[in-house]
Amino acid sequence: MPVNPYKSPITPTWCPGCGDFVILRSLQTALADSGFEPAQTAICYGIGCSGNMADFNVSYGFHGLHGRSLANAIGVKLANHHLHVVAVVGDGDGYGEGLNHLIALSRGNHDVTVIVHNNSRYSLTTGQSSPTTTKGIRTKSTPQGVVEQAFNPMASFLAAEATFVARAYTGQPAQLTQMIQAGFRHKGFALIDVIQLCPTFNEQQNHAWFAERIYDLAESGHDASDKLAAMQLAQDKEQVPLGIFYQDSSSRPYHDQLPQLEKKTLIGQRSNLIDLSPALSEFD
Amino acid sequence: MINSKLQNFNWKIAGKAGEGVMVVAKLMAKISKRHGMNVFNYLEYPSLIKGGHQTGQVYASFETARCQKRQLDLLVTLGKAGFAEHSSELTADSLIIYNQDAGLLDSITKAKLKSQIIELPFISLAKQATGSIQSANMGVLGVSAYFLGLDPKIAQQVIKDEFKGKAETVIADNLKTFEAAFSAGQKLGQPIRQTEKKPDDQILLTGNEAIGLGALAAGVQFYSAYPMTPATALLHFLAAMQKHYPLVVKHAEDEIGAINHALGASFAGVRAMTGTSGGGFALMVESLALASSAEIPLVILEAQRKGPATGLPTWTEQADLSFVLTAGHGDTHQVVLTPGTVEEHFELTKVAFYLAEKYLLPVIILSDKSILESHQTMKKIEAMHKYQSQSLAQTLPADNSYRRYKITKDGISPRSLPGQPHGFQLTNSYEHDEFGFATETADQTQAQVEKRARKLEALVHEMPQPYLLGPKKAKITLVGWGSTINILTQLIEDQGATKSSAVNAICLPAVWPFPEKVFSRLASFAGKLVMVEGNQSGQAEKLIRQETGLVMADHIRRYDGRPFYAEDLHQWLKEKSK
Chain A
51 MPVNPYKSPI TPTWCPGCGD FVILRSLQTA LADSGFEPAQ TAICYGIGCS GNMADFNVSY
111 GFHGLHGRSL ANAIGVKLAN HHLHVVAVVG DGDGYGEGLN HLIALSRGNH DVTVIVHNNS
171 RYSLTTGQSS PTTTKGIRTK STPQGVVEQA FNPMASFLAA EATFVARAYT GQPAQLTQMI
231 QAGFRHKGFA LIDVIQLCPT FNEQQNHAWF AERIYDLAES GHDASDKLAA MQLAQDKEQV
291 PLGIFYQDSS SRPYHDQLPQ LEKKTLIGQR SNLIDLSPAL SEFD
Chain B
22 MINSKLQNFN WKIAGKAGEG VMVVAKLMAK ISKRHGMNVF NYLEYPSLIK GGHQTGQVYA
82 SFETARCQKR QLDLLVTLGK AGFAEHSSEL TADSLIIYNQ DAGLLDSITK AKLKSQIIEL
142 PFISLAKQAT GSIQSANMGV LGVSAYFLGL DPKIAQQVIK DEFKGKAETV IADNLKTFEA
202 AFSAGQKLGQ PIRQTEKKPD DQILLTGNEA IGLGALAAGV QFYSAYPMTP ATALLHFLAA
262 MQKHYPLVVK HAEDEIGAIN HALGASFAGV RAMTGTSGGG FALMVESLAL ASSAEIPLVI
322 LEAQRKGPAT GLPTWTEQAD LSFVLTAGHG DTHQVVLTPG TVEEHFELTK VAFYLAEKYL
382 LPVIILSDKS ILESHQTMKK IEAMHKYQSQ SLAQTLPADN SYRRYKITKD GISPRSLPGQ
442 PHGFQLTNSY EHDEFGFATE TADQTQAQVE KRARKLEALV HEMPQPYLLG PKKAKITLVG
502 WGSTINILTQ LIEDQGATKS SAVNAICLPA VWPFPEKVFS RLASFAGKLV MVEGNQSGQA
562 EKLIRQETGL VMADHIRRYD GRPFYAEDLH QWLKEKSK
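Protein chains in written order, with the numbering used here: chain A, 51 to 334; chain B, 22 to 599.
To be clear, the hints were calculated from the coordinates, so they are not data collected in a lab. Careful: at least some of the hints might be erroneous.
To be verified - Quick list of simulated restraints, FRET-style, between CB atoms:
#1 S84/A with K538/B: 45 to 51 angstroms
#2 E471/B with N322/A: 31 to 37 angstroms
#3 H265/B with Q282/A: 45 to 51 angstroms
#4 R566/B with E253/A: 56 to 62 angstroms
#5 L323/A with S343/B: 36 to 42 angstroms
#6 S84/A with T569/B: 57 to 63 angstroms
#7 D222/B with N322/A: 26 to 32 angstroms
#8 A279/A with A404/B: 56 to 62 angstroms
#9 K563/B with E211/A: 47 to 53 angstroms
All C-beta atoms, glycine included, are put in the ideal place defined by N, C-alpha and C.
Assemble the whole structure, with the sequences as input and the hints as a guide.
This is the structure in structure tokens:
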């Protein structure tokens, strides 16, 4: 079996049993199986256990700031839309600190595949509650129990006009890889919420807990082109449906709607000789 | 009544927002420029859409016109508010033109005025000439052109140029109202000037527009911003340029998004810029540290307005200097340029892109409302511009041994761009090793910190240098930076080479890294050093003391939202010499 070209020489630093190992392997498999050259791939990483994946992939990487790597991804794609642009973030990154940027990606339908490592905890900072922590759960930052309702990414991004909304689970690695690949194939913004285990700081939501709640959307007969049905599924807080909630097959990405990017990428039009005449006419 | 010896005039229009004040002021400035004059057009307006009191004022001269002047030759006021607001700017020689449609003037108001007053109903005039009141503001232009002895043909051409692309009837109506008002003027009195015509070899533009042109000339391909006065006009200008250039302008979700879109684009290899005012810049600061640490080229316009917090959104100040110099947590490195004239805004924006790309760091252009939103004339800009891409990795070994953060003597580590085979790299906000992988080792951390610091030492020789205005030796040496350079220029030029030329000035078009050598040399010839700056706490004064040990003998500061006036500095100097 050939070595995956995305594999870096650095050994991951995550806790044993962390779902991040699964996401890393699925992402590397999805990238290689999609035929993406590492040199043509740009991955923007946020800050957290998820973002630490930056060191474990070989490609072009941009390890930015907490929440802000999502905004970096927009700029990377607009500057060179031939690149495959991926954003790897956590639930704190994407649904907390960087939520406005994630909504901007969604509303703009920027052609970026966003993988959200969702373990319902801020684990790198030792386990505080995150936007997706269930109401009432006690953590170090919420010793009296979380007062807020958990953020609902599926419903929120359907409302934010996302053209691809999917959920995967680190307990189902084959489907996770499939979802990432489907996200790559999708022309436009693809949100993949990955439910992951955190054996260190979220012992309650373990494999057994999820095994009772997960089911496969495709098997259940869900029509992924039906946005209202997807919205209804997203309201179900008892079960954890996996797969594609919604995909708009006629989606047109942001860069494809800019006339100046019609023929070439922005960087492909770089010229070291500039004629200011059209800009100067109004100042005479 | 015509004073043909006078080679300048100071004109002002006052009215409500929505009455077309700013358009008229810009056209007045343009008409003056086309007579071959130097021009400065200064706008004051409150932060609202309709109503309020706003003004445009054009100082035009065949000599120097670098800033607004206070004493008016001609005031056109569209409402009664203009009398009280501007009485201190009027003299017995001033002429006031009042819009009669704003209500009859009572005898008491009239009696109080020292100046001659002429009344003209601008709205009725437009209605009579065109059947509509839409072009009423062109009447202001017509009567002003008459009383200032401006060539109506030049004015008509300026109107045609301004409304080019609009419906024929719009252009025709604007011209009709202009002509009707010009003729009305002839029946009301004698002109107060007979303005000459000389060859016009200049352009007229704002600081924002000069930055926009400089950015285009430097090959900018990506601009992202969130609207904020007084940087918004740059967003508008560049957005309109997308149809002519390979340029993407992104109205971002917020300022943090704006800077991070630009950083993403820059990482991908295009020349990128963002712009905002102090409040928006405050939001960008964490990402500024990212640009510095991850070594990503970026140009940022920090367009100062009166702070703190929301402050006076449409007024001016120079009080973000200390903040900008030290913005960014940790040992961050940025370059701070402080252009004064519009020409410097154009030239230094090109320099900003060059420095940012060569030294792989953020470069801040620190300017303020008083020049960014004012029109000033400058010599024509040539059409063709060339630039060289900087600090790109020339070879990428096939064994993938390329190092994005290679330790080098001058600190510059040439970069690869996404898409290039064998250029794999991790642009990293974490402290990193030479490849870009995160590291926490003491020796690699220290090596990278020192490498980044060396870049600032290496670029000092490429910084725009301080320069002297006026005689080499003087009793008093004024020191200024940014927009204040315009005021100092006006003061020194107005003073001329007379025997009383006891003043000269040192101008700082860049402040960080501080150009210590040249400044200290200029200061060694100086008289009593007097710092002139638009803030309360003496921010540049402290900086100069910190970097050179030089202590100012005195200072002139302004922090009421208004710009300096050369007349005020002159008055200050007069009192000091008593």
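How the hints compare with the structure:
1. S84/A with K538/B: 45 to 51 angstroms: violated (56 angstroms)
2. E471/B with N322/A: 31 to 37 angstroms: Given a distance of about 33 angstroms, which is inside 31 to 37 angstroms, the answer is holds.
3. H265/B with Q282/A: 45 to 51 angstroms: The hint (45 to 51 angstroms, Cβ to Cβ) holds, given that H265/B and Q282/A are roughly 48 angstroms apart.
4. R566/B with E253/A: 56 to 62 angstroms: holds (59 angstroms)
5. L323/A with S343/B: 36 to 42 angstroms: holds (40 angstroms)
6. S84/A with T569/B: 57 to 63 angstroms: Taking Cβ atoms as reference, S84/A and T569/B lie about 59 angstroms apart, which means the hint holds.
7. D222/B with N322/A: 26 to 32 angstroms: Holds, since D222/B and N322/A (Cβ atoms, about 28 angstroms apart) stay within the stated range.
8. A279/A with A404/B: 56 to 62 angstroms: The hinted range 56 to 62 angstroms holds for A279/A and A404/B, with Cβ atoms some 58 angstroms apart.
9. K563/B with E211/A: 47 to 53 angstroms: Given about 50 angstroms between the Cβ atoms, the range holds.
Hint compliance for this structure: hint 1 is the single one not met.
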